[in-house]
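Residue numbers (our numbering), protein chains in the order written: chain A, 26 to 464; chain B, 648 to 748.
Hints in this document: simulated from the structure, not taken from any laboratory. Predicted, not measured: the structure shown is a model, and the values here were computed from it. We put the beta carbon where it would ideally sit given N, CA and C, even for glycine. This list has only true hints and no planted wrong ones.
Derived DEER-like restraints, expressed as beta-carbon distance ranges:
hint, chain 1, residue 1, chain 2, residue 2, range
1, B, Val731, A, Pro197, 29 to 37 Å
2, B, Gln699, A, Ala97, 47 to 55 Å
3, B, Pro655, A, Ala298, 17 to 25 Å
4, A, Arg407, B, Ser678, 25 to 33 Å
Computed list of chain B residues with no C-beta within reach of chain A, every gap over 10 Å:
hint, residue
5, Glu653
6, Pro655
7, Glu657
8, Pro676
9, Gln699
10, Arg704
11, Ala709
12, Gly717
13, His726
14, Thr727
15, Glu729
16, Ala730
17, Pro732
18, Ala744
19, Phe745
Where chain B lies over chain A, by a calculated footprint (3+ residues, C-beta under 8 Å):
hint, stretch
20, 152-165
21, 402-410
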Amino acid sequence: MTGSRPSGGASLNAVAPEPDAQIASSDEVIEQLITHCWPHEAVAGGAQEARRRAGQTLERLLRAGLPHARAAEGSERFDPYAVNRALCARAGEPCDEAWLAWQETARRNLRALDGGPHPMRFRLRREWHALPRDNPRPLSLRLPLPLREPVRNLSARLLEPAGALVSLRQEPGRLELRVHPSAARAPVAAEVAFELDARDSDGWVEPASASEDGDALWLAPREGAAVCSPRIAALAATLAAGAGDARPFLAAAWDFLFSSFRFGDVHRAPPGAADPLAAALDAGWVDCALGASLLIALCRARGIPARLVSGYLLAPGLPAFHSWAEVRLAPARWAPMDLAGWEACGGDARDPVWGQLFFGRLNPRATCEIAPRQFTGWGSARPPRRWLKLHRLAEGGLEQSLRALPGGELVQRDRVWAEKVSRAPADRHAGLAASAVGR
Amino acid sequence: MIRKLEVPKELGDTAEVRVLAWHKREGEPISVGDALVELEADKAILLISSKQTGFLRRCFAAEGEWLKVGEVAAFVSDHTDEAVPERAAQTEWMMAAFETT
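One chain only, chain A, in its complex shape (with noise of 0.2 Å):
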């Protein structure tokens, strides 16, 4: 374990690019970057200078050794996520503007549903490039469903091609659209919209399972990227040893967290890695769902039942899909623990706003899954070995695109919406009307 963040102004290494991930073009890499920067002020008319920041910015990493390969016309090509750690790393320089327009950006959205319950329309389209063409069954497709926040007004609908959709069934934590094969030669897109009230969470209460796998689920010790190695377990037995209770565990992994590691875009170890955790421990970086699935593996180490689960933040004008981590605490309470506020403090847990904003409560989303059990789930679209994700506002919302690597292939797009609704709802029914669904 480094233990260690690089220094502030470190080097550009601490951001080393994975060569077949070098795929954005540098208009790819400005998009996201006023995602994470200005997206607020590109929205409210200001776009074009949104733009001539972002500009800058990556102007100014490449003076100060951003790496980048060349494509074959001479273009520069980007690993968008070295260029999202530059940001983090603060490595362009001390004080660095967009570095504090992303940490700005970051607080504004965490709290942007302060106050609530707010009313909230949420609407999800999601486009499969990459279907199996020679499947003679009727492919399934998945769009995400709340789990656990009830919602009214559902509409559900296949968008292209038309006439494809066979059926359409509602199930915990997703629809599953049934569609015939023959639609796999064309992108297939859908849609899904609901209303719900966004409000914040303190935890979760469950009653404790009395089936046969009990407490062995939540302790598995290999989950995902949630693999309790010997490092792991070494690293969990220094965290408030002796103590017998979760509790000052679970503070002492928190502080651990947010000072040893540095949260931004990092690329997976594909499936069945041995040690998903080795390169995170190694090199100092999380994001959401590996940063959690530390914890959750520190946790189970020491025996603390601990699971990830994964939703929506429903920051108005920038929804995002986001993961934390579910601990209990007590036989049926389930405790939220969300590294999400590392951003806003910049990895300071003592900060006393941001530090502990989400240790043990969160703010409104939509949850949507929670591993290993209950998941939307890739349906027939099967999830390239390895991927990365780029982001960029349109239409009011936020769009993201996952890419196949090495070559950069479109698999899926996503665009999501989020809006405070002020008018009562008429429909408070969580089914899908049948009249409901788009053919």
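Starting from the known structure of chain A, fit chain B onto it as the hints suggest.
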């Protein structure tokens, strides 16, 4: 002869799968190529089809329930009058095809 259908490892890095749908009911005859069951992990759906004739005799998980990789998911038999043993009994494997859908 009684044969067992085990949860295969074709779903990659996963320890357990959920039964999405049985395409045959207990007691129904099975032909070569018939779809038997769809299993799901978070990253894939696996369709298991029969490569032999017989009868589906016993399913060990209902739709929505979970099975561990390597667990016996079902028994099939050549004839309908063969006694179905305990789940842990040593039996031959049934011939089946696995495809991600």
